[in-house]
Amino acid sequence: MTRLEITVNGQYHDRDVSESRTLAHFLRYDLGLTGTKIGCEEAECGICTVLVDGVPVDSCIYPVFKAYGRAVTTIEGLAHGDELHPLQQEFIHHGAVQCGFCTPGLIMTSAALLDENPDPDEHDIKVALKDTYCRCTGYTSVIRAIQSAARQKRGLDPLLVNDPEVDEPMRVVSRSVPPQEVVAKVTGRAKYTDDYTFPDTLYGRTLRSPYPHARIVSINVDKARALPGVRAVLTHTDVPGENRHGLVYRDWPVLCDTVVRYVGDAVAIVAADSEDLAAQALELIEVEYEPLPVVADPKYAHSPEAPVLHPDHPTGNLLKHIKVRHGDIEQGFADADVIVEREYHTPTTEHAFLEPECSIGVPAGYPGHDKLTVYVGSQIPYQDRNQIALAVALPEESVRVIGTLIGGGFGGKEDIAGQIHSAMLATVTGRPVKMLYTRQESLIFHPKRHATIIRIKTGAKRDGRLTAIQAELYGDGGAYASLSDKVMTRATTHATGPYDVPNAKIDCYAMYTNNVPSGAFRGFGVTQSAFAVEQNMDLLAEQLGMDPIEFRRINAQKVGVTTATGQLLRESVGLLETIDDVQRDMQAHHNGEGFRWSWKEGHKAYAWGFACAYKNTGLGGGAPDKSEAEVEAYEDGTIQVRTAAADMGQGIAHVVAQVAAEEMHVAYENVKVLLCDTDLTPNGGPTTASRQTYVSGNAARLAAAALREAITQSAAEMMDVPPDTIRYEEGLLRHNGKSVKLGEVVGWMKQNGLNPRARQEYWAPKTQPLGTGGDMHVGFSYATQAALVEVDTDTGEVKVVKVLSSTDIGRAINPLMLQGQIEGGIVMAMGHCLSEAFIIEDGVPWTRLLSRYKMPSIKHAPEIVSHLVEHRTADGPYGAKGVGEIPSINTTPAICNAIYNAVGVRIYATPVDQDALLRAIRSGQREVYTAWQDVK
Amino acid sequence: MKLWNHYHTPATADEAVSLLAQYAGQAQVIAGGTDLLVDKRAEGGYNPHEALVDITHIPELCKIEEDGDFITIGAGVTHTQIVKSALIAHYATCLVESCGVVGGPQVRNVGTLGGNVAHALPAGDGTTSLVALDAEADVIYMGERKRVPIRDMYLGPGKSLLDSHRDLLVSFRFRRAADREATAFKRIMRPQGVALPILGCAVWVRLDETGALFEAARIAIAPIGPTPGRADEVEHALIGQPATIETVERMAELAQSTLHPRTSKYRATADYRREMIGVLVRRTLTLAIYRAQTGDIVPEGVGA
Ligand SMILES: Cc1cc2nc3c(=O)[nH]c(=O)nc-3n(C[C@H](O)[C@H](O)[C@H](O)COP(=O)(O)OP(=O)(O)OC[C@H]3O[C@@H](n4cnc5c(N)ncnc54)[C@H](O)[C@@H]3O)c2cc1C
Ligand code: FES
Ligand code: FES
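Residue numbers (numbering that gives the first Met the number 0), protein chains in the order written: chain A, 0 to 935; chain B, 0 to 303.
Mixed in with the good hints, there may be bad ones.
[To be verified] Below, computed lysine-lysine pairings styled on DSSO-like, alpha-carbon distance capped at 30 Å: (1) B:K264 to A:K798; (2) A:K322 to A:K798; (3) A:K858 to B:K145.
[As the list claims (entries may be wrong)] Computed, partial: chain A to chain B, Cβ under 7 Å: (4) V16; (5) T48; (6) I284; (7) T929; (8) A930.
[Said to hold, decoys possible] Which stretches of chain A does chain B cover? Using the computed rule of at least three CB atoms under 8 Å from a CB of chain B, they are: (9) 9 to 15; (10) 771 to 784; (11) 830 to 839.
The hints are simulated quantities; they were obtained by calculation from the structure and are not laboratory data.
Using N, Cα and C, we set each Cβ at its ideal position, and we do this for glycine too.
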């Protein structure tokens, strides 16, 4: 410990501090200023940005003693009391906050910019924020928020919010109210898991396999146990219950016993007094491995030579063979005048949510905790509880999972991370144990998007009607099943694209390999098949000599069409309108000068590319899909909605609040939401499959309606009038001239022994399993996008200039936040197309650092124009369908179609490699089958 | 997890060197830490540096000075300081253009030119321009102050002449561009993978009194070999040639045929790099000629 003098947010400190501290750790853990977030500790993501003497720095690699004698400003120091800084205000206003984990970093970086440049243009903003990442918003709203704040600082009016137009806005529903907890997020008060502190907490860490496939010969933990300050070292023999977890198949060891199946598999866990001691303890654990042959790719996994990775699985390495059969495939191709057959490759991709996984296990009996409790930002709290309980051998009721805020998920926080481990360590040590993964650990450990190989053959008649689609998909499921079964099923069932295809034969092989497991990721398999489907569509249109938009229009799904899985579409198919919107915008872009698909300016080639998409809402496939919500009213006139539906930034919290406010006729501000506490909130089911707005939105609506009924009854009794004469008005119940406040009725109910609370379960309409025909899904969202792309024909560099999109989401419950989902989805998909690949070499990840995984930064953000189409779906809340995933499905093929239109080279593998593209342009080659990861 | 145990912030270069000596190889110099600490993090495992000696509080290392025709830049000067310096923007434009593309603002605000050179990657962006400027480095090497030509600072990829557990890079010194002299820097990146250029190119040119002919040139292109190199054939061939598009075109071709870039994994193929040599030589020479002829100098691409 050494004396440090430093001023933080105007307050002078003179205290003993460890010389090893980074500024970020000093702020967070010594001063408790947890508004400063840590996302990578590699100077990559920029979300740890604070100002030192006014200058933005990455506090994660800034030694605190470098700041000796200096003045540091953090997000907590920006507001003046309750008065927010203009940036904080405008980030809220313009909907620039989703999960909020990046928000402090973005705001601090912007604050420094505005101090230096009071009137930044878009370019200035892109320069200043180039290395401050946001994975949720797509940056469009961020840029607007900053410009708006700049105007305010200059004494001008703020910029108008770019609020999308919607049909029939209601009182609260279909209005762009600010999301829940947004003030906490912009001020740094919002608490994510690592921001929770409990006295006496120990630090947990995990020893992970360095081998993709090996037999464990022996594990010796004696030296680690002997290190003073180490409180527990556990291996598979210490797992009290079932040493397997998994969401669909229980095949994933809590701690590996006989074999390790991927680099990152957990072998031992430790808890120690400090993070450093825990790290040292890991080094002292001796594991002897006998390396085994590695199954590095899914096609090899399917071959008879490949070693079988899960001997218990009845079909060997074939995790699942998924089939779609529709019509007569032979006849379909016999009827075709043109047929296109191609093979496409997509790589493993990483969610790169900015908050690395963290769980805190608190033992039963610790103050304030009567049962074993795990704090975690998880997408599926109830399933976490179930999996923890099985592993620690306790009844589910003896385990409590408390969901914290989530700093992004995108599907990557559905599987178990440290939940079970922290629970085990807490139980053994009798102390709280925090397991915070480093970014590097997060990268190698958690399930990713499936790499796929997709061979697809599409046939059409001269008149443009599709006759048949045949496809074979291989999905790299990695070492454990995770959600492979479901994800690859979605890839398969959506492999016709959103079209009327009379004959289809699709086979998908989800394979076990020794790569990192693959699981859920926004788009859920459909991003991959869309990449293939939509490029084949353009290839066919070209062969038919038909406009690609017209070709899609001819085949677009409409009401009355039966999908390849046998589902008759009876309502809510807005695809044609989305095509109309985008086509209109494409034409408008050319200002009446006549639309052109492509043109050249100097050494830059420009072109549009077009693609459509659809995505199911809800689990479907016969899975019972339900959510439960509870709504309670209080005497102060507020109400609380409770459901265990996770909000990872996508906004289910404001959706259920808006729905409840609408039903209860109260102001949105008076609705509070409690999510994800397995003791206090009923089960909302998993946050996946774009299902939460639909199911939990409906559950909240039903519960609120039931509570309103009960309150109306009571008010009627109170006022002695018939219930059907009572009208609601902003927190008041009126009858003729008389009125009572909602809170008064609640008080009356309590006095009379009535509970001002209602709980309702919502069951989505029944669906059918694949292969049985009928409705496999409760509904589909539709989208069309066009990308305007610039290719530098000197260098092969590709830039997305503009993306036009239109999305049929049934109803926009919160138009501005929904638009944010769309913009974020588009930019994420653009990343998948142009820069992102998680590289694994013979089972060993090369992408062990965030610096090796480039997601789009603000400088890549294109201009985005988005429209909403609202084809109501009868069973959705107020007609709403899912929106979480649909925007990130067709961006990649739209960009690739545009590249082809610009330079005549078709891209069959992502991410696009400018190197190969340029060489193709130069040599007149028309097809590129290699991607960046193939540069060797 | 901690990356170092002790942290020192000496106020003079001598103090820094003697601290390093006291730790006898257990302490290392840190400037911005944007390479050092990130590399340490990448190592994984628990293996902290025993001590770090922070040189950014040493005044001698943190200033930009003009001395006659020469400019001196302290090794601890940050990329941001360089980008904001009107002096360097005018007289060593390429350096602003190369420091201006290192990382993002947070990295440039702490990362230093000295760190870029001491890290010794052949394609370090600051390095490429220093080579074109024909800079020299003032160092304390094995206890003695020395002046070393910039290219001699590099022994191999990531291998510096200096041992940063012992030696200190103090400053860089180069002649400022005179009338009819100008510089330019550009690089080609890819949106994937590590933050190092596929290829960077800095040029310095001097035109004759009429502004119509090349009198001299220095062309640094990296990475070509294990250490920063120059396009010698092109430099010789340029002398006396007209400063025209045709010459630039010929030089681009000459550079492509005389330099032999390699394929590096996840960065670029040799073929692509060869194409980029042409593109960069064309783009930087054209810009430098324009600057030398017109005196109209606006650094390009800063923050890109
Ligand atoms: C996100 C990110 C993006 C980056 N982008 C680029 C890029 O585009 N182009 C590029 O070239 N680099 C890039 N870098 C690398 C890095 O920022 C630069 O090389 C920077 O100039 C290093 O300077 P530093 O002061 O941070 O060095 P440090 O990390 O402090 O030191 C680097 C090495 O030099 C030694 N050293 C430093 N100063 C001295 C001295 N005065 N005497 C002796 N030894 C010394 C250290 O001991 C260490 O070995 C990037 C880094 C990050 C994190
Ligand atoms: S840059 Fe500091 S946490 Fe990512
Ligand atoms: S809101 Fe930016 S990362 Fe989530």
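Hint numbers not upheld by this structure, sorted from lowest to highest: Structure breaks hints 2, 3, 4, 6, 7, 8, 9 and 10.
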